[in-house]
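Visitor: Model the full assembly from the supplied sequences, consistent with the hints where possible.
Just so you know, the protein sequences line up as chains Y and H, in that order.
Using this note's numbering, the letters of the first sequence map in sequence onto residues 1 to 174.
Using this note's numbering, the letters of the second sequence map in sequence onto residues 1001 to 1224.
Don't take every hint at face value.
[Said to hold, decoys possible] Covered stretches of chain H (chain Y as the covering partner; in silico rule of three or more C-beta atoms under 8 angstroms from a C-beta of chain Y):
(1) 1008-1019
(2) 1034-1046
(3) 1206-1212
[To be verified] Derived Cβ-Cβ restraints for the label pairs, each shown as a range:
(4) Y:Ser6 to H:Pro1123: 55 to 63 angstroms
(5) Y:Ser6 to H:Glu1029: 52 to 60 angstroms
(6) H:Pro1123 to Y:Arg105: 26 to 34 angstroms
(7) Y:Pro142 to H:Thr1215: 20 to 28 angstroms
(8) H:Glu1022 to Y:Asp116: 28 to 36 angstroms
(9) H:Tyr1121 to Y:Arg43: 49 to 57 angstroms
No lab work stands behind these hints, which were simulated from the structure alone.
Cβ atoms here follow ideal geometry from the backbone N, Cα and C, with glycine treated the same way.
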Amino acid sequence: MADRVSEFREELVGLLPRLRKFARALAGSRDGAEDLLQSAIERALTRSTAYDETRRLDSWMFKIMQNLWIDSRRAIAQAPIQDMETPDVQGEDGREIVESREELRLVREAFAQLPDEQRAVMALVVLDGASYAEAAAALDIPIGTVMSRLARARASVATRVRGPALLAPLRKHN
Amino acid sequence: MLNDEVLGAYIDDELGPDQRGEVERLIGESPGAQMRLERMRVGDAALRRAFAAESVGAGSDNVAELVRRGWPSRPATRMFWAGSAIAAACLLGVIGGRLTQSPQLGPGMHLSPDMIAALEYAPSGESVAVSGGEMEVALSFSGESGEVCRQYRTTSSQQRVDAIACRDSGAWRIAVQAVAVESQAYRTAAASDPIAATVERMGGASVLDADEEQTLIANRWRAR
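Guide: Next up, the structure:
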């Protein structure tokens, strides 16, 4: 029994980077994400006996985290999530750094403004690399819903990035 | 039809070999689909960069140690609830400011009857012939105050124009446009990056999916 508990905890530790990234995707701020992560782990540990070992632990944790996030959002009357902090971008050309920081800010802002359910799907598929079936299992939704939410999320994020996209076609003369 | 869900499944390698081959063939025949596909890829890459740029592992040692040793009980009040409430108050102030702004019409911007027809009836991704060239609506979106707009590109032998037109009192009006004279250089009468600035002023865009767009087209763009 003690071995199983230990194995469960070690498996949980192995998932921490992915869980932290998912928490950051949902909560936006670093502090909010860390607290959401810790709440999810606390819940998982206190309810570990309810964990169905035939189910993937990552899916179970993603689901716990999303439920906690939804509960917290309901508690504050559907308030928008906190704007994400923009990290430093490495580079030698000062202008490129400014442009990259601006692009990252816009992308983060667009991502933060997505509805919760779209943000969760995009985080799992695009950031975590989950298959549609894995994302559907983790979020307890049909694969068709994963596809539609993902399409809408991608379209919203794409409106804010530079490149060949129509919504950001403009470049200044050098 | 190559909608965004299919293109997404193509990017995510969720199609079977036969489906993938067929989708690749259709993409090859559709410049609009190629543009939408590239837009998705650029967006995905930017999002991954945004998250990769931060120190994801920070703090993991402490949490990992707590997981291994057992978790101490914590106060019922969650920090992230309080943090979100504060953020909500701040953001509501920002949104309130944005609601007072709307896209401004620029001088000399004109929609021909066939362009109006394209805005009215053409689904996103479909190229239609207009006088002097082609026009393709890239996407439809709604702003925070509910206005519906479409972004489109017109291409002629002389120039390429990217623009946003919004539905206003039953008519389409151009909110912003920019003329590309070369592949990488654009000139515009407005401030730099006016299309992105226009979307920004609208408080961000909520892109309509194919079904929502089709419903609006069928209803002649009257409110859903």
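Visitor: Does each hint fit the structure? Answer for all of them.
Guide: A quick look at each hint next to the structure:
1. Here's how the region 1008-1019 of chain H fares: 4 of its residues keep a CB closer than 8 angstroms to some CB of chain Y, so the rule of at least three is met and the hint holds.
2. Counting residues of the region 1034-1046 of chain H whose C-beta sits closer than 8 angstroms to any C-beta of chain Y gives 8, which meets the bar of three, so the coverage hint holds.
3. Residue count for the region 1206-1212 of chain H with a Cβ under 8 angstroms from a Cβ of chain Y: 3. That meets the three needed, and the coverage hint holds.
4. Between Y:Ser6 and H:Pro1123 the beta carbons are some 56 angstroms apart, a value that agrees with the proposed interval 55 to 63 angstroms.
5. For Y:Ser6 paired with H:Glu1029, a C-beta distance near 57 angstroms keeps the hint of 52 to 60 angstroms intact.
6. Evaluation of the 26 to 34 angstroms hint for H:Pro1123 and Y:Arg105 yields a pass: the beta carbon distance comes to about 32 angstroms.
7. Evaluation of the 20 to 28 angstroms hint for Y:Pro142 and H:Thr1215 yields a pass: the beta carbon distance comes to about 21 angstroms.
8. Distance hint check: the CB atoms of H:Glu1022 and Y:Asp116 are about 34 angstroms apart, consistent with the given range 28 to 36 angstroms.
9. Range check, H:Tyr1121 to Y:Arg43: Cβ separation about 51 angstroms, and the 49 to 57 angstroms hint holds.
Going through the hint list in order, the structure satisfies each hint without exception.
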